[in-house]
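Chemist: Reassemble the complex: the two chains are provided individually, in unrelated frames, and hints are given to aid placement.
One letter stands for each residue in the lines below.
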Amino acid sequence: MKLSKLAMATAVAAMVGTTPALADLVFPSLSYRTGPYAAGGIPFADGYADYFTLLNERDGGINGVQARVLECETGYNTQKGVECYEATKGEGSLIYQPLSTGITYQIIPKATADGIPVHSMGYGRTSAANGKVFSHVFNYPGTYWDAASIIVNHILDENNGDIKGKKLALVYHNSAYGKEPIRTLEDLSEKHGYDLTLIPVDHPGQEQKSQWLQIRRERPDYVLMWGWGVMNQVAIKEAANIRFPMENFIGVWWSGSENDVVPAGEGANGYKAVTFHGVGSKYPIFDEIQKHVVDTGKAAGAGDQIGSVLYNRGLYAAMLAAEAARTAQALHNTKELTPDQMRDGMEALKIDAARMEELGLAGFGPEIAVSCENHGGPGLGAIQQWNAGEGEWTLISDFGPADREIIDPLIIEDSMAFAAENNIPERCN
Amino acid sequence: MLYRETGDFKTTYAADQQTFPIKSERYLFWTAMAFAFLVVPFFINDYWEKSVLVPLLVWAMAALGLNILTGYCGQVSLGTGGFMAVGAYACYKLMTAFPELNIFFVVILSGGVTAFVGLLFGLPSLRIKGFYLAVATLAAQFFLVWIFNKVPWFYNYSASGQITAPERTIVGIAVTGPNAPPWATYLFCLAIVFLFAWIARNLTRGNLGRSWMAIRDMDIAAEIIGVQPMMAKLSAFAVSSFYVGVAGALYFSVWLGAAEPTEAFGIDKSFLVLFMVIIGGLGSILGSFLGAAFLTLMPVLLKNVMVGGLGWPTDLAAHIEIMLVGGLIVFFLIVEPHGLAQLWRLAKEKLRLWPFPY
Chain A
1 MKLSKLAMAT AVAAMVGTTP ALADLVFPSL SYRTGPYAAG GIPFADGYAD
51 YFTLLNERDG GINGVQARVL ECETGYNTQK GVECYEATKG EGSLIYQPLS
101 TGITYQIIPK ATADGIPVHS MGYGRTSAAN GKVFSHVFNY PGTYWDAASI
151 IVNHILDENN GDIKGKKLAL VYHNSAYGKE PIRTLEDLSE KHGYDLTLIP
201 VDHPGQEQKS QWLQIRRERP DYVLMWGWGV MNQVAIKEAA NIRFPMENFI
251 GVWWSGSEND VVPAGEGANG YKAVTFHGVG SKYPIFDEIQ KHVVDTGKAA
301 GAGDQIGSVL YNRGLYAAML AAEAARTAQA LHNTKELTPD QMRDGMEALK
351 IDAARMEELG LAGFGPEIAV SCENHGGPGL GAIQQWNAGE GEWTLISDFG
401 PADREIIDPL IIEDSMAFAA ENNIPERCN
Chain B
1001 MLYRETGDFK TTYAADQQTF PIKSERYLFW TAMAFAFLVV PFFINDYWEK
1051 SVLVPLLVWA MAALGLNILT GYCGQVSLGT GGFMAVGAYA CYKLMTAFPE
1101 LNIFFVVILS GGVTAFVGLL FGLPSLRIKG FYLAVATLAA QFFLVWIFNK
1151 VPWFYNYSAS GQITAPERTI VGIAVTGPNA PPWATYLFCL AIVFLFAWIA
1201 RNLTRGNLGR SWMAIRDMDI AAEIIGVQPM MAKLSAFAVS SFYVGVAGAL
1251 YFSVWLGAAE PTEAFGIDKS FLVLFMVIIG GLGSILGSFL GAAFLTLMPV
1301 LLKNVMVGGL GWPTDLAAHI EIMLVGGLIV FFLIVEPHGL AQLWRLAKEK
1351 LRLWPFPY
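These protein sequence lines are chains A and B, in that order. Taking this note's numbering, the leading residue of the first sequence gets 1, the next gets one more, and so forth. Taking this note's numbering, the leading residue of the second sequence gets 1001, the next gets one more, and so forth.
It should be emphasised that the hints constitute simulated quantities derived from the structure, not laboratory data. By construction, the Cβ of each residue, glycine as well, lies at the ideal position given by its N, Cα and C atoms. The hints are all genuine.
Computed beta-carbon distance windows for the label pairs:
no.	chain 1	residue 1	chain 2	residue 2	range
1	B	F1142	A	R217	23 to 31 Å
2	A	N241	B	I1267	27 to 35 Å
3	A	V262	B	V1171	56 to 64 Å
4	B	F1116	A	H332	54 to 62 Å
5	B	L1351	A	N423	53 to 61 Å
6	B	V1151	A	D352	42 to 50 Å
7	A	D352	B	L1324	49 to 57 Å
8	A	G360	B	I1320	36 to 44 Å
9	B	L1351	A	D304	55 to 63 Å
10	A	N241	B	F1142	24 to 32 Å
With the rest of the complex left out, here is chain B (with noise of 0.2 Å):
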């Protein structure tokens, strides 16, 4: 079977704390990576990447910042829309500023704004959490896409309030703008979510994790174990703002083009990326994907089936895939309610039991 640990031995400590500690699901990690890096740039096409695949990849890394954030540090926040914005504005005011900056910086920084921004609005989690927190978070939120639309320096005075993301370039080749091969900007976004998936996955197995886990588990045994609650819950709101600001950055310059700050980052963003953490699994990084995965790709498939496919009325379809997509939400939290991460991890342990449960 797919998950046989017989023979795979760990002689050191280092190969028993591996990330992916049985061989064959290694393996099969390493080729989805090989498949996603060296097969699907040659076959995808302007409506895959601007459809599927990067928007997959942009919610994946707002995903796994808000599960840095909720899943891992218990503080939930509404406010991720907003942090979006941030990323998405700094990307906007950093290109137009320094026109010479490579976009992969450029992005990097727009992610360090953010965090800077978190930061600050992580402060009053010090002394409240929970609902009063979320509270606290939605005020973000707001507030961040009101300055947005109020300020016009930071859309630079044009007489819209849109902001439109130049072309920028990798080595020669577009990666924003409107002459960016597909390949291109998805390699961009895969190379960056990657990068940034395995650094998730290695602070939660630190000691910066573990610490955010503790507060999250129980903040006064933390405390009296020695975890320095601040530090926990301020690191945790920059890092999650990072990634949340890198994602945004992405979504305004590689995906969309353009952005207009009430619809592009309005509270549905916000609820969207909830959704997707507690739908993928709290407190896990495959979960951060597989919530992006069913909450972007679900209704595209929907609707390409019982549009394109049945040939039903534009307005029936979107009504029945908001329906389904509320059903199937309310169903798996009913079967699953630690999320389709821990389905995975179900399906994982019966394979490893097969043919003989115990």
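Extracted from the complex, chain A is given alone in its bound form (with noise of 0.2 Å):
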């Protein structure tokens, strides 16, 4: 009792002691550089940061009015996420991007109910795309299930568009982030007649020697996989040690970053994975991040991530939401923006070629195009092989289109069963 009066006491004041400097655009980011999957927190939030210090730097915020980041650690445990949540929402904190699955189903309901918005980019609900069903919640510019059938076009291109008969296996973490696209992959398996194997491998996955002894003995024609963290390298070292056709294993935009293929070595050469913006740090912007940012002394972190996937990523994270409070201040003609008004310019954002180029982005990401139906953007996606020897990643297909028959109606089926159970009604009509 005696304990927990003095903690309160002090959170209190801790808490007072940090009154929000006011007009200023809120974007907390719930990032994680301790704890098991900090490989791939560190660069993520390092680019996120990086960004919004860019822009306060060199343009003196978004439209003049600067932004500031709001850091807190989750170390990708879903309680601490939702401590993180509650901690930042009151300070007029506009987006809120939860780089978990686990977290970003937590706060769903609550974000909604608090009028906050959530992007989860290229991971979390996937049927959250439905814009009629999910107000407050933004996945563009890909869902996991585009992922999915993007990776089956890959495949199918390369096999002349047949693939009746072959075999895939899916290497999943075990949870609800793995298991995502594997209605997908069942229902694309119908259309195409592939066989699917599927392998779960158990958080955080070190070990998977059985796995891939099932993979030894069944010879999948493909492997697709679903890992994040330390589960990424452990699979692509022993897909190496059986001697898997690298180039015939495929992960997800979270199984593709320098992270899981440097510590296999020449093994991982050949290696895909899909991604939904560029990789490297042949941009314009890089430049402009070395001379604001890096040069100044201003860089999160160690400064030592610039250009890899995952810092590519983040920056990519941050640049979308800057660009929402954007076109929600011309939308609701001020400057000084509301969560409210945040996720108006979220549902109205348009990114087309021409501005990504004025960002210094030319070719970086596909165009995007958010509307009140669909909030999760164009759902297209490119392949990234890994090449050893030069130790970088290198695109080697276009954006591409996912299948969307397969997936429109997967995502109306399952975001309409979520409208059931909670009692939401359609929106946009």
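Modeler: Dropping the structure here:
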């Protein structure tokens, strides 16, 4: 009792001590620089922070209003994520990027009730792409189901459109995240006639001997992977060990960073992953970052992640948030935003190729157009491949579409079930 | 001073046997309860609810459960996380299968289901004890989490395997779901924890509790004086699992609102509750609360001070927090191996004798 009272008193004092500076655009960053997934969390958080630092340093903020990044450490842990959400939402937070499927599921209902938009970019609840049901949740530019379909499209391309009787195996993290693509892949297997083997790997995935033994025995033609963190590098090492042809091993976008392939050395050469944004640091914006952020000593973290896959993703996430904020400012004719206005801005977001070029990111990602009905964006993705000799990823395809014929009904079905469970009326009518 | 006994005479056995025999302590307790029930709800916001008070209550409930088993009956268990999962999934299945059923009864029934499962996993305790039993309950932990991941029936065949708590109300006020006001969820948890802490306290003072303690202290001697080991051990497992199951149900439905078996009910939760019990004090009801408070509030407090107050980088703060909490656990166990409850007991003793100790 004594201790808890002391704790409360000090916590109150600590919270009072940090009254927010008003007239900022607040972008909370639920990062994880510690814990089992830190290797993936650090570059993302650095990229996210650096982009806003760039805007503040170079342009004096977004249309003259400074952006403030509120970083809160989740350790990829759901409870800490909830704590972070509650701790930061009172500071005028405009948009949450929970960076974890678990945390996303957790805060979707709460954020909707609080009227704060959630952008789960390429993760989270896929059926949130249906804006008619999920008013405050966005997952543009693509969803897991898009990713699964784009991978299958790539395999189709390689086999001249006929994969009847081929064997595909899905190695997945045994959690909500890893299970996401199963239904899509099953439906696609009905359509294209391939066999699908499901191979779950339990968290955290350091031990996969038996799974790869199964793959060696069944000899699938292609292995797909839905992994994250240490699971990826173990899988790629194991695949290299059993001499699985790496160009037939394709990961989702969370299984395709330097962290995953470097530990396997030469063996990882040829490994592929789907992606929704460009790779490498050969875009003009990186010169700006070098000039305004790195050289002035304002880079986030250790400043050693610039140009890595997940750094670019953090940067991309920040760019999309900043563009949505601009859209909201124009839409509501105000400079300081409320979360509600931010939501409108996200729903009206349009980024074309010309705008990407202005931002110094020409060709970095597909054109994006969000609408009231479609929160999932264009659903385009490209395939990237790892070149172990050069130590870099290269895009080997254009940003191509997913099989909407399969995915759209799935999204409708799942989101309608959610709407029925929670008595949510349809919007956008 | 605070703990004067002078003039506090007992004239009946009942008065002599009460939970708080010292008048000033009784007043302190009731003042604290009045504060918790009547004052806190008016000042509670989302942050205090979701990050401080409801977690505290949920973990206190789980710690109470484990304390009954490990602290009072001496059966070491590492299956707490698994039993919490049983409570949560039972709660989810009951909530979705019987939408009309009041959430209070859902929570109680979830406890009942967990008590049954706990009873099953308690059966080996009749033959094995100590480390061997710890390993058997560890198996329960892994088995239960595995089965909730494996069998789609448990998560109603949803695509992701995640369970989400629908909105349920008590007299028209939501206590689960996103629209539940903070004071309602807090009061709901507080009422349940208060009720069951009361029951636990009295169970441990009665016949059943004495038989648990006899088994804990020396099972052979207990058997000779007429305690049935089977009854004592299985009842401890059942009662303990009931508490842990209720904690799991509250954890999932009221606090988090959604859960995924591997992450929410992992082995680390079992350890967390075990640490709470050990730090708070084995075989003490107050200890369960103190241990839960220590391990849930300490990290939040440290985080707020280091990141919110001092403006340190979040990763540095997180690492220091891990080290500090770990160091404090070791420190407490060295300074007071009987836990925080014993510290409190000693403090009371000192206060009662002050200023003239013998």
